[in-house]
Amino acid sequence: MALSKPNEYKEVSARQSEETVYAEDINQIISNIEKIKGGQANEAPISNIKELKERVDGLTNGSTSSADKIAFNNDNANLDFSDGYDFPPIKNQLSDNYNISLVTDYYLNSLSHIDNAEEVYDLVLEKSTDKYVLKGTLIYNNNNNTSSNLIFNIISIQKKGEEKNKDIIYITNELSQFIYQYANASDNEIVIEGEEKLKYNFALVFGSPMFVIGKQDSSSFEAKEYTININIEISVNNIRNYQDFIFIQGTNDTVSFIKANNKNEKIVFQGNTKSKVGNTIFIIFNIFMLENYLDIKTDKNDSYYIEANDMITSNKNKPIKYYIRKSVIDGTELSEKYSNINMTLGYLEIKHTDDTDIEKDEILSFNLTAQKNVDVEKIEKEKNLQNAIEILNDKFNSLIILLGINNSNFEIASSILGSPILDNKVKDCSNLSLVKNADNSYSLKGNIEIYEDANTSSKMIIKTAKEIEADIKNIVPVIMTDNFIIMILVFENYLYINMQKSSETAVTNEHFDNIKLIDSKIVLFNNEIINKMSPTKVSEDFGIVYEEGKYKIKGQLIFASGESNFSFYTNSGIIDFFEDNTEYDISTNEGSLKAVYHHNNGFMCSLEFRGTAGTAYNIDWILPKQI
Numbered sequence: 020m021a022l023s024k025p026n027e028y029k030e031v032s033a034r035q036s037e038e039t040v041y042a043e044d045i046n047q048i049i050s051n052i053e054k055i056k057g058g059q060a061n062e063a064p065i066s067n068i069k070e071l072k073e074r075v076d077g078l079t080n081g082s083t084s085s086a087d088k089i090a091f092n093n094d095n096a097n098l099d100f101s102d103g104y105d106f107p108p109i110k111n112q113l114s115d116n117y118n119i120s121l122v123t124d125y126y127l128n129s130l131s132h133i134d135n136a137e138e139v140y141d142l143v144l145e146k147s148t149d150k151y152v153l154k155g156t157l158i159y160n161n162n163n164n165t166s167s168n169l170i171f172n173i174i175s176i177q178k179k180g181e182e183k184n185k186d187i188i189y190i191t192n193e194l195s196q197f198i199y200q201y202a203n204a205s206d207n208e209i210v211i212e213g214e215e216k217l218k219y220n221f222a223l224v225f226g227s228p229m230f231v232i233g234k235q236d237s238s239s240f241e242a243k244e245y246t247i248n249i250n251i252e253i254s255v256n257n258i259r260n261y262q263d264f265i266f267i268q269g270t271n272d273t274v275s276f277i278k279a280n281n282k283n284e285k286i287v288f289q290g291n292t293k294s295k296v297g298n299t300i301f302i303i304f305n306i307f308m309l310e311n312y313l314d315i316k317t318d319k320n321d322s323y324y325i326e327a328n329d330m331i332t333s334n335k336n337k338p339i340k341y342y343i344r345k346s347v348i349d350g351t352e353l354s355e356k357y358s359n360i361n362m363t364l365g366y367l368e369i370k371h372t373d374d375t376d377i378e379k380d381e382i383l384s385f386n387l388t389a390q391k392n393v394d395v396e397k398i399e400k401e402k403n404l405q406n407a408i409e410i411l412n413d414k415f416n417s418l419i420i421l422l423g424i425n426n427s428n429f430e431i432a433s434s435i436l437g438s439p440i441l442d443n444k445v446k447d448c449s450n451l452s453l454v455k456n457a458d459n460s461y462s463l464k465g466n467i468e469i470y471e472d473a474n475t476s477s478k479m480i481i482k483t484a485k486e487i488e489a490d491i492k493n494i495v496p497v498i499m500t501d502n503f504i505i506m507i508l509v510f511e512n513y514l515y516i517n518m519q520k521s522s523e524t525a526v527t528n529e530h531f532d533n534i535k536l537i538d539s540k541i542v543l544f545n546n547e548i549i550n551k552m553s554p555t556k557v558s559e560d561f562g563i564v565y566e567e568g569k570y571k572i573k574g575q576l577i578f579a580s581g582e583s584n585f586s587f588y589t590n591s592g593i594i595d596f597f598e599d600n601t602e603y604d605i606s607t608n609e610g611s612l613k614a615v616y617h618h619n620n621g622f623m624c625s626l627e628f629r630g631t632a633g634t635a636y637n638i639d640w641i642l643p644k645q646i
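End of the sequence shown sits at 646 in this note's numbering; the numbers just go up one at a time, nothing left out.
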């Protein structure tokens, strides 16, 4: 092809004779060549002429390149790349390597200050592909045959390339991202001669961060010396990086997690915590992250309290007020062993608006919108051919959605599960549609008309006019509106909606505005409804997840006081993970828990848990059947 002078071109002067030209700016010349051969003038310069030749040869001999390496000129296509934004990690970044220094609890008791420690052990927490590995060797001389734990106090932590940090809050902050509750050790993760079925945890106990090893049955260790070889693997999927999670703890409470979610490009902190004793203060570990979003005070003053309204609610139905503060203290306030070590504590000051304290077993639910930096900063992705293809695919899917090709209308059901429906109180559902979304979920949109004489006992059942293609396990089993409780099920590939009035208030028309009926992932419960209606609560992330090649139920289940049995609706597809009406034992650090799935012939299916009233169970249970 003939070379022509590009639009961007920098003339260079000749040196020596007029027949020899030396470039004053080789990068500009290469940029010009890139423009001529169809690339972008601002591409990274080629390091040498050999590389240039190889790239040009590749364009002419038919060799291929990955789509994300090929520049895309959007001047004429004018594609909207606005869907391609990343959520910036403006919070904590995990290190690839941590050195953890520990001493035994009995040795710490003999020290006047941690700086005087000589009998120090080191564990290394290091990233390896898709996991972190905690490894090292510890020695513990147990002189008490009634002790059920081997305890090591952590006196410092050091990230790669940084100085050692002795701030106990910082230590707890960092390590709790990796291990935040008792976990059962797998084979060879903790090797102690003569011992098996062990468990471990990082914990903040009596103001000191600890690494604790115990037996799964909580029995005592013999009085002797133990050599402990550690090789614990932690999947990156199990890490609760405080880019996403806020750790809070009440007096003598275990750690709870409040998740920072990106909701419609707003930061919202969501989750639950339970006070095991009466509290007015909860410790917030990663206070530095919160400073990006919330108004943090630096002193204690009752005038700072603000009413939470619906952003923090209580299962006691008492309105809440709160503020957040931080305090930098000298370690002497905790113990002389930590004198001259600064520690930064975060506090959630919280009470009822009538100035009464948070009660024992009171559950607080958070839906707290950030006060500043509310709009999530957008970072535009690099525009290349890969991005262009992705945007075109999204636009094609949007067109499919716009045309309604995968949508379905509804009709009044005459029978369900082989039984006729008598006196169906649905008058008209022709203006109601099941709409497929871009993420392959389905939503309910439109209006339904009900006969005026419908009451709370009336049957109101509709079905899709055509078969649907969706995984039954993704169905949201129950939803609620102001007027109706709605059960969803699939029978013979048709989706049925069973509506029940929640009160005797006269309703003849109900509008549905994009209510999700089928998710793009497996759905166990509708957690939002549980936490709204039931005295027993679940964490926002409670559900079925897929980790390390296994399906499991994971999250927190908090039994209300006086309630030891909890059952809620789920979908019929969950039968793939259970035997029907079979009781299963779930091992947790909080004690034994039992689960039973009731299929009920595919109608009003439920999953039942049986435990101890008032107990918050942290569940990480591999499901009995895998698919």
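Rather than coming from a laboratory, the hints here were simulated on the basis of the structure.
Among these hints, one or two may not hold up.
Said to hold, decoys possible - Below, in silico cross-link-like pairs of lysine to aspartate or glutamate (EDC-like), each with a Cα-Cα straight-line distance of 20 Å or less:
| hint | residue 1 | residue 2 |
| --- | --- | --- |
| 1 | K478 | E468 |
| 2 | K316 | E355 |
| 3 | K520 | D538 |
| 4 | K478 | D458 |
| 5 | K569 | D149 |
| 6 | K573 | E252 |
| 7 | K444 | E486 |
| 8 | K150 | E138 |
| 9 | K183 | E252 |
| 10 | K243 | E214 |
| 11 | K569 | D206 |
Small disclaimer: the values here were computed from a predicted structure and weren't measured.
Now the hints, each set against the structure:
1. About 14 Å separates the Cα atoms of K478 and E468, which keeps this hinted pair within 20 Å; it holds.
2. Distance check on the hinted pair: K316 and E355 sit about 27 Å apart at the alpha-carbon level, beyond 20 Å; violated.
3. Between the alpha carbons of K520 and D538 the distance comes to roughly 24 Å, so the proposed pair goes past 20 Å and is violated.
4. This hinted pair does not check out: K478 and D458 have alpha carbons roughly 32 Å apart, beyond 20 Å.
5. Taken as a hint, the K569 and D149 pair is honoured in the structure, with Cα atoms around 16 Å apart against an allowance of 20 Å.
6. A distance of roughly 18 Å separates the Cα atoms of K573 and E252; the hinted pair therefore holds under the 20 Å criterion.
7. This hinted pair does not check out: K444 and E486 have alpha carbons roughly 23 Å apart, beyond 20 Å.
8. Taken as a hint, the K150 and E138 pair is broken in the structure, with Cα atoms around 30 Å apart against an allowance of 20 Å.
9. Between K183 and E252 the alpha-carbon distance is near 24 Å, which puts this suggested pair outside the 20 Å criterion.
10. Taken as a hint, the K243 and E214 pair is honoured in the structure, with Cα atoms around 13 Å apart against an allowance of 20 Å.
11. At roughly 17 Å between alpha-carbon atoms, K569 and D206 fall within 20 Å of each other, so this suggested pair holds.
Comparing the model with each earlier hint shows violations of hints 2, 3, 4, 7, 8 and 9; every other hint is respected.
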